[in-house]
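Novice: Each chain, letter by letter, is given below.
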Amino acid sequence: RKEVEQDPGPFNVPEGATVAFNCTYSNSASQSFFWYRQDCRKEPKLLMSVYSSGNEDGRFTAQLNRASQYISLLIRDSKLSDSATYLCVVPPGAGGYNKLIFGAGTRLAVHP
Amino acid sequence: EAGVTQFPSHSVIEKGQTVTLRCDPISGHDNLYWYRRVMGKEIKFLLHFVKESKQDESGMPNNRFLAERTGGTYSTLKVQPAELEDSGVYFCASSPGLADTQYFGPGTRLTVL
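Residue numbers (this note's numbering), protein chains in the order written: chain C, 1 to 112; chain B, 113 to 225.
Next up, chain C with everything else stripped away, as it sits in the complex (with noise of 0.2 Å):
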């Protein structure tokens, strides 16, 4: 089992659509959760933190459901630049705070 998974999609979705993606993780001493965003051909960023309560950050909200090893991201009134792969990011915590985890990304195209 891979210790970050994601649904690849890719996700195509209307310009306006609201989308939600899920990552399951493997390790239940990781502490600290995170979304990235990667555009093609571009580096990682950061997009935000999941916090234990939820977070949300515009049209952003991540959850992270610790009992389940579940995070979601969700993304409301999608943009045009939204399109980008989103990347489920877990340190193994427990120490392994250096080492981010990755999963594969889920694609999500915004069409007009």
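One should not assume that every hint holds.
Pairs of lysine-lysine, DSBU-like flavour, derived with a Cα cap of 30 Å [to be verified]: (1) B:Lys163 <-> B:Lys190; (2) B:Lys166 <-> B:Lys127; (3) C:Lys42 <-> B:Lys127; (4) B:Lys156 <-> B:Lys190; (5) B:Lys190 <-> C:Lys42; (6) C:Lys2 <-> C:Lys42; (7) C:Lys2 <-> B:Lys190; (8) B:Lys127 <-> B:Lys156; (9) B:Lys127 <-> B:Lys190; (10) B:Lys156 <-> C:Lys42; (11) B:Lys153 <-> B:Lys190; (12) B:Lys156 <-> C:Lys45; (13) B:Lys166 <-> C:Lys2; (14) C:Lys2 <-> B:Lys153; (15) B:Lys166 <-> C:Lys42; (16) B:Lys166 <-> B:Lys156; (17) C:Lys99 <-> C:Lys2; (18) B:Lys127 <-> B:Lys153; (19) C:Lys79 <-> B:Lys153; (20) B:Lys163 <-> C:Lys45; (21) C:Lys45 <-> B:Lys190; (22) C:Lys99 <-> B:Lys153; (23) B:Lys166 <-> B:Lys153; (24) C:Lys42 <-> B:Lys153; (25) C:Lys99 <-> C:Lys45; (26) B:Lys163 <-> C:Lys99; (27) C:Lys45 <-> C:Lys2; (28) B:Lys156 <-> C:Lys2; (29) C:Lys79 <-> C:Lys42; (30) C:Lys45 <-> B:Lys166; (31) C:Lys99 <-> B:Lys166; (32) C:Lys99 <-> C:Lys42; (33) C:Lys99 <-> B:Lys156; (34) B:Lys190 <-> C:Lys99; (35) B:Lys166 <-> B:Lys190; (36) C:Lys42 <-> B:Lys163; (37) B:Lys153 <-> C:Lys45.
Bear in mind the hints are in silico, worked out from the structure with no lab data behind them.
We have chain C; now place chain B onto it with these hints.
Specialist: Relative to chain C, chain B alone:
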């Protein structure tokens, strides 16, 4: 403030040759990381420097890979001799502290023919 820079952006070499990748972290960042993405796979951790010391090299695939960070500033990753399976994108990242956000460079796309 300048971000993480990597050189070269692309490298095409033949199997058996040597290639050296360079990473310049954000100024003042003690932590420097190397990651790699091979075709169709997820980005994987290679190693982590704190200043000039290797903190964790558990992700290095084999002894054909040698990373250095002399002086605790820029880092190099040398592949010698290169094999076909080494093709991929090599990312460098840096952070001020261990639990801080890692900022990634644009990557070096390595193609081994």
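Novice: State for each hint whether it applies.
Specialist: Outcome of the hint check:
| no. | hint | result |
| --- | --- | --- |
| 1 | B:Lys163 <-> B:Lys190 | 18 Å, holds |
| 2 | B:Lys166 <-> B:Lys127 | 28 Å, holds |
| 3 | C:Lys42 <-> B:Lys127 | 26 Å, holds |
| 4 | B:Lys156 <-> B:Lys190 | 17 Å, holds |
| 5 | B:Lys190 <-> C:Lys42 | 22 Å, holds |
| 6 | C:Lys2 <-> C:Lys42 | 24 Å, holds |
| 7 | C:Lys2 <-> B:Lys190 | 28 Å, holds |
| 8 | B:Lys127 <-> B:Lys156 | 22 Å, holds |
| 9 | B:Lys127 <-> B:Lys190 | 14 Å, holds |
| 10 | B:Lys156 <-> C:Lys42 | 16 Å, holds |
| 11 | B:Lys153 <-> B:Lys190 | 21 Å, holds |
| 12 | B:Lys156 <-> C:Lys45 | 15 Å, holds |
| 13 | B:Lys166 <-> C:Lys2 | 26 Å, holds |
| 14 | C:Lys2 <-> B:Lys153 | 11 Å, holds |
| 15 | B:Lys166 <-> C:Lys42 | 27 Å, holds |
| 16 | B:Lys166 <-> B:Lys156 | 17 Å, holds |
| 17 | C:Lys99 <-> C:Lys2 | 15 Å, holds |
| 18 | B:Lys127 <-> B:Lys153 | 21 Å, holds |
| 19 | C:Lys79 <-> B:Lys153 | 27 Å, holds |
| 20 | B:Lys163 <-> C:Lys45 | 23 Å, holds |
| 21 | C:Lys45 <-> B:Lys190 | 25 Å, holds |
| 22 | C:Lys99 <-> B:Lys153 | 17 Å, holds |
| 23 | B:Lys166 <-> B:Lys153 | 25 Å, holds |
| 24 | C:Lys42 <-> B:Lys153 | 16 Å, holds |
| 25 | C:Lys99 <-> C:Lys45 | 16 Å, holds |
| 26 | B:Lys163 <-> C:Lys99 | 16 Å, holds |
| 27 | C:Lys45 <-> C:Lys2 | 22 Å, holds |
| 28 | B:Lys156 <-> C:Lys2 | 12 Å, holds |
| 29 | C:Lys79 <-> C:Lys42 | 19 Å, holds |
| 30 | C:Lys45 <-> B:Lys166 | 24 Å, holds |
| 31 | C:Lys99 <-> B:Lys166 | 13 Å, holds |
| 32 | C:Lys99 <-> C:Lys42 | 20 Å, holds |
| 33 | C:Lys99 <-> B:Lys156 | 9 Å, holds |
| 34 | B:Lys190 <-> C:Lys99 | 20 Å, holds |
| 35 | B:Lys166 <-> B:Lys190 | 15 Å, holds |
| 36 | C:Lys42 <-> B:Lys163 | 26 Å, holds |
| 37 | B:Lys153 <-> C:Lys45 | 18 Å, holds |
Every hint from the earlier list agrees with this structure, and none is contradicted.
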